[in-house]
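So the chains spell out like this:
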Amino acid sequence: DAGVTQSPTHLIKTRGQQVTLRCSPKSGHDTVSWYQQALGQGPQFIFQYYEEEERQRGNFPDRFSGHQFPNYSSELNVNALLLGDSALYLCASSSETSAPKQFFGPGTRLTVL
Amino acid sequence: DQQVKQNSPSLSVQEGRISILNCDYTNSMFDYFLWYKKYPAEGPTFLISISSIKDKNEDGRFTVFLNKSAKHLSLHIVPSQPGDSAVYFCAASHLTGNQFYFGTGTSLTVIP
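Read top to bottom, the protein sequences are chains A and B.
Those letters in the first sequence? Residues 65 to 177, by our numbering.
Those letters in the second sequence? Residues 2 to 113, by our numbering.
If we strip away everything but chain B, and leave its shape as in the complex, we get (with noise of 0.2 Å):
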């Protein structure tokens, strides 16, 4: 039972517009959610959080959007750059951060 879902497996945008990642849970129980970017041959590098009590955090060209009542997440990447270009991870916790339960990954390409 997949209880984050990104059901977008790729995204091509232009150098310079802005990039948009959708991801959807299933879960009302979770209280904190993670955007996570893989390179190829390296780990998932953390990017930006989000706990359950905010709607909006922003962090230099890189915002995350909360709709609980949707069980909606979006991490919005303006202007998007070509080093962007990776697969980005929606992860999903309770604030014990035990577990952490993943998406299935949207690669981006970033176009020069």
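Extracted from the complex, chain A is given alone in its bound form (with noise of 0.2 Å):
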């Protein structure tokens, strides 16, 4: 039973640019989540997609949005990259249909030049 992947798995941009980052969930989960994980710092929820909508969001400026396909996947997509953005981005499935447990990817290491 394959967990939570995400690609890829580096990632070296410059200021300015546009980064998509993909997820895929753990088999049986219908629920994507996006975390940021700044060094030294724990995860902060970005935004959360159950159905292909957005369901909930954190404190995240708007260059940050987000896509669930029809079958569970989803994209988490940064415009205008800040250096600030430098982070690892962490991808965790859960199922409705469970406790709220969530189950996390091996993350994308984001570097912004």
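What the hints contain is simulated information worked out from the structure, not anything from laboratory work.
Don't be surprised by glycine CBs; every beta carbon is placed ideally from N, CA and C.
One thing to keep in mind: the hints can contain errors.
Said to hold, decoys possible - Incomplete in silico selection of chain B near chain A, CB under 8 Å:
#1 Ser11
#2 Leu12
#3 Gln15
Said to hold, decoys possible - Derived pair list, reagent style PhoX-like, types lysine-lysine, alpha-carbon separation capped at 25 Å:
#4 A:Lys165 - B:Lys38
#5 B:Lys6 - B:Lys38
#6 B:Lys72 - B:Lys55
#7 B:Lys38 - A:Lys90
#8 B:Lys72 - B:Lys38
#9 A:Lys90 - A:Lys165
#10 A:Lys165 - B:Lys6
#11 B:Lys57 - B:Lys38
#12 A:Lys77 - B:Lys38
#13 B:Lys57 - A:Lys165
#14 B:Lys57 - B:Lys72
#15 B:Lys57 - B:Lys6
#16 A:Lys165 - B:Lys69
#17 B:Lys38 - B:Lys55
#18 A:Lys165 - B:Lys55
#19 B:Lys57 - B:Lys69
#20 B:Lys38 - B:Lys69
#21 B:Lys55 - B:Lys69
Got two chains here, separate frames each, mind docking them using the hints?
In structure tokens, the structure reads:
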């Protein structure tokens, strides 16, 4: 049973560019959440997708957007990259029918130069 | 505003002894709490959880205690093993589970 997968593993971009990160949830899961983890900090909630809709959003600007596909996979898009966007981006999946436990992928390390 | 706090950035414990990791929260509306373990270059791995209707949950060597009046929870690891060396994150949410609030983590080192 494959767990949560994310691609790419690492990414280097320059300021002003746009980036797309991808996530496939654990088998049987229908909900995907995205988190940003800066160095030395805990993960910060960006948003959650369920039934292809953004269900809840954390305190992140509109430059951060996402999408969920019919197969439950998801993308995180960040426009107009800033140096401060450099972080580990984590995807977590969960199921609506089970306890609110989220399973995390290995993350994508984004470096903005 | 940090709603979940882990005030100890690091902890060192001898192998075989007890490790106690602490976590405080400010939002009394939280009703579900989790502990995650994270190794370098990996995503957080779920360890154990507790709902607000309980004050203790045990799973093998891991026990989580919840003190709602003090808005405090702790993770006990007994006995500690070198493989337990990792960063431990405390997280809290509402039962809907839409958004998790994480602490800043405690780096545990178990010395052989």
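For each hint, the structure was consulted:
no.: 1; hint: Ser11; result: violated, 12 Å
no.: 2; hint: Leu12; result: violated, 16 Å
no.: 3; hint: Gln15; result: violated, 26 Å
no.: 4; hint: A:Lys165 - B:Lys38; result: holds, 14 Å
no.: 5; hint: B:Lys6 - B:Lys38; result: holds, 16 Å
no.: 6; hint: B:Lys72 - B:Lys55; result: holds, 13 Å
no.: 7; hint: B:Lys38 - A:Lys90; result: holds, 18 Å
no.: 8; hint: B:Lys72 - B:Lys38; result: holds, 21 Å
no.: 9; hint: A:Lys90 - A:Lys165; result: holds, 12 Å
no.: 10; hint: A:Lys165 - B:Lys6; result: holds, 20 Å
no.: 11; hint: B:Lys57 - B:Lys38; result: holds, 19 Å
no.: 12; hint: A:Lys77 - B:Lys38; result: violated, 29 Å
no.: 13; hint: B:Lys57 - A:Lys165; result: holds, 17 Å
no.: 14; hint: B:Lys57 - B:Lys72; result: holds, 14 Å
no.: 15; hint: B:Lys57 - B:Lys6; result: holds, 20 Å
no.: 16; hint: A:Lys165 - B:Lys69; result: holds, 20 Å
no.: 17; hint: B:Lys38 - B:Lys55; result: holds, 22 Å
no.: 18; hint: A:Lys165 - B:Lys55; result: holds, 17 Å
no.: 19; hint: B:Lys57 - B:Lys69; result: holds, 11 Å
no.: 20; hint: B:Lys38 - B:Lys69; result: holds, 23 Å
no.: 21; hint: B:Lys55 - B:Lys69; result: holds, 9 Å
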